[in-house]
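Q: Below, each chain spelled out in residue letters.
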Amino acid sequence: MRTSAPPSRRRRARLPFLNLGAAILVSAAVLYVAFFPAAGLPALGAAFNPTTGAWTMAADAQVTDRTMRLSGLQQPVKVVLEQDGTAHITAQTDRDLFLAMGYVHARFRLFQMDLMRRQGAGRLSEIVGKAALDTDRFELELGLLETAQAEWNQLQPGDPSREDLLAYSQGVNDRIDEAIATHQLDAMFTLLGYQPKHWTPIDSLLVKGDMTQTLNFTDTPLVMALLNKQLGADLTSEWFPILPPNVQAPYDPGPYSKPSLSPIGQLPAPQSTMNGDAAQPLYDRLAALPQGLVATGGASNNWAVAPAKSASGGALLAGDPHLHLTLPAIWFQLTMDAPGYHAAGVSIPGTPVVLIGHNEHIAWSLTDAQNQQTFFYVEKEDAAHPGMYFWNSTWTPYKTVSFDIPVLGEATQHVKVRWSVHGPVISERGQTTSVWWGGNIPSQDLSVLLNIDRASNWQEFRDALRGWFSPTHNFVFADDKGNIGLISAGYFPQTRKGQPWLPMPGTGEYDVAGTIPYDDIPQVYDPPAGYIWSANQRQVTKDYPYYIGTASNFFDPGYRADEIRRVLSQPGKLSAADMQALQTDTRDFLASEIVPALLQTLSKSKLSTKESAAMRLLAGWDYRMDVGSSAATVWSVFWSTYLDETFRPWWKSRAVHVDMGEVVDALGQDLETWTLHDAGNRAFSAPGVGSRTAADAQTAAFHKAISAISKRLGNDPSKWSWGRVHTRELENLAQVSGLSYGPRADRGDANTPLAAGDFPSTHGPSWRMVVDWGTHTFQGVYPGGQSENPASSWYTNRVDTWWDGLLKPMLSGDEAQSATGIKTWSLNP
Amino acid sequence: MRVYATVMVAGLLALVGVLFGFWWAPFLVGLAVGAVLPRARAAIPTAGAIGLLSWLVPLAATHARYGLGPTATSLAAIMGFDHAAAVPVFLTLLVGALLGLAGGWLGSAGRAVVASNARVDATRNG
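These protein sequence lines map, in sequence, to chains A and B.
So the mapping is simple: the numbering used here equals the position in the first sequence, first residue as 1, plus 53.
Under the numbering used here, the residue at position 65 of the second sequence is numbered 62, and the numbers go up by one with no gaps.
For the record, the hints were derived by calculation from the structure and aren't laboratory data.
These numbers come from a predicted model, not from an experiment.
Heads up, a few of these hints could be off.
[Unchecked claim] Not close to chain B: a few residues of chain A, all C-beta gaps over 10 Å, as computed:
| # | residue |
| --- | --- |
| 1 | I77 |
| 2 | A91 |
| 3 | M713 |
| 4 | S814 |
[Unchecked claim] Where chain B lies over chain A, by a calculated footprint (3+ residues, C-beta under 8 Å):
| # | region |
| --- | --- |
| 5 | 110 to 121 |
| 6 | 564 to 571 |
Even glycine gets a Cβ: it sits at the ideal position worked out from N, Cα and C.
Starting from the given sequences, assemble the full structure and let the hints guide the process.
A: Following this line, the structure appears as structure tokens:
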């Protein structure tokens, strides 16, 4: 007879199995979180282990003398790294130069390069998940990938640019392979749990496309359509005119040739009048995109001074392109020396070229030209012709391109993009809208820049720029012979007819028909005044016979240009130190115009003790937006309140849904003009506020401004220093706030040559360069450092120099070899 | 004495594994330690200590060679712990220890099941 075991014994017998089950469960959990990302955390084992995880950034931060083999090199290459990280590459062949450049870029900026190519290719969701899906979808619709592929296909075997791009890619891939093999990939790759794919030339062209988009893809026609509908056509045409209402400082005063047209390139075929209701969803969609995908107005300066006005007797050149200030920065400083190239300056990681800098004979810099290169077309469709649009009297089928967007942790998304002759369809809500964008026209900009790197005089420089299409830039030039020049190279598209500042019918009559001929685009060479300047202002006077964009949101209001011209036009000679000082000039030209008028108004107004004290601050002010200036705070708050006081009632009464901040530059120009010349303008008498003049609005705004400042900063006007309200921040590129720099109190505002709009300001001079051909001195600095590794001393080592307004010598390759603290890499085949 | 030798060899194996990039080695070594050492109360902490040390030693070596301060600060910032450098260090050592502990527990539990079955068989046969 079988008897069963007592219960206590059975429990004891089960215990080992329960224990094993628990151990299996816990082990599985530990192994899961060690090997796989979970709950927003990276795979903990892979990410944090001490030998191949993120801790390797400690070793990566150290740069030592090295001798190494690089696959693909033909001859040995020497790389000298200065104490501050500036790289000097000396190669015996041009091909080796670009290969080494790719290696050096990738050694210090691989994650940044990968992010940039992913942005252009619509592949950010693959690494960060669905948060980037809208961005990816938009980028694929816009067509950067199509354009980059078309540009690459245009390059025939044997074309020097093609060979350079291939060599550069090989160098990047040499570094990727090395980093993977030695577990030295940037920590962000480890933490995000992926490895970079090999680099291709198309990736370099995508990076170029990103920059083009940032600088000149605009939504202004949509804004204008909304304003037309909501604010009314009467006020829109009055307040947002084609020509600026205020007095500006164009650099090319004419005379101009009679108008004609040159052919414009074709869009890469894949391969209205819009009503306000249809514009709204598209406007909202573009407004919701992350910063940098839609151009929101530029801010850059450049100028040159002829020997006649130069203290050194040689031409002077200064340039400071203003961009989103990030860590790592958009720039990487280097010199390139090879049989065909001797250039120094800054490059964009991912592209094999010095974009701004100098060679043995010429120096150059650039600002954004701001002209209109984005046109929206409302396609005519009907139910009887599905999948077609009416163009040139014919029903024409759309062409369709399909893309897959891999999404981390989600199913792959499929995107179909329809293309009309005008470009990609980017909105189908309300009315089908396609966009003609200059950046979609394949262009060989890298070839142009490589030719600039090799140019030795104005003729070669100008000839090289003939092939530059988009974005249109104001290229400033100065050479060792004392010549200076400025040319706004790029397409200036012209439509057959219509109002290109609004969305237009896509039926053919309003298409882009060509561009302004190269000889007719804005340009000057060795002007009699002896100086030239650009700061995103309209380049030409009202007599220019072509449409190039409206005053609203295309061109800068011109205050920086006014201030630069004011300084350059002073009697006496100018030195490199003067150039440096002008780059960090904090004088607000608009304030210098408006404050005297305001003081006159206030002198007739009844003011409180506090308001009187604030008025006295303004009366004794030098119009400089310095950190310690209380008057600067009063001015800034007054001006924004004055704008609000004048225009907000209109916005409210007419239910305008366009963010006033988006058109504040245009409104500011109006307000400036009315304040100085048209104090009785009807704009001051908005519905609900009664009949008013400029003085009435100023007084009301002043009362409100002082009240607002008091609430925030206290009752003592002497303590209202600008630095308490105005800060600047260098944002980490991966949006890790702990790896950003600042916010820190800083000087300047949106109108000063030292541009620092917004609170905190995240845009500004991304690189400052001053060249003096008389003394053969070259100086430059950018905010940040050469390395993207936050543990590296080269992550932020240039910030203080930049913040203080100082410059660093740009050494030549030979000079760098004898500098102290250098590291040398010997790269061998 | 044999036990100490076993632990030493296990520790070395885990360390060498981690140094060669096999960061999960402490789990396997812990598994073996748990399976070999007869007493779970000793085996599991030993495996945990091996896991901890096999991740600590390379980390300490990196610190001695390059300095870990800026790296730890940066990692803390990336993780959202402002600049609390101790957090990533603690997390790292915790993961190493957990790998060893989990392996040790699993090995030890497996050994207990085998031993239990053996006892049952012996009881039935006896």
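Q: What hint numbers does the structure not satisfy?
A: 1 and 6
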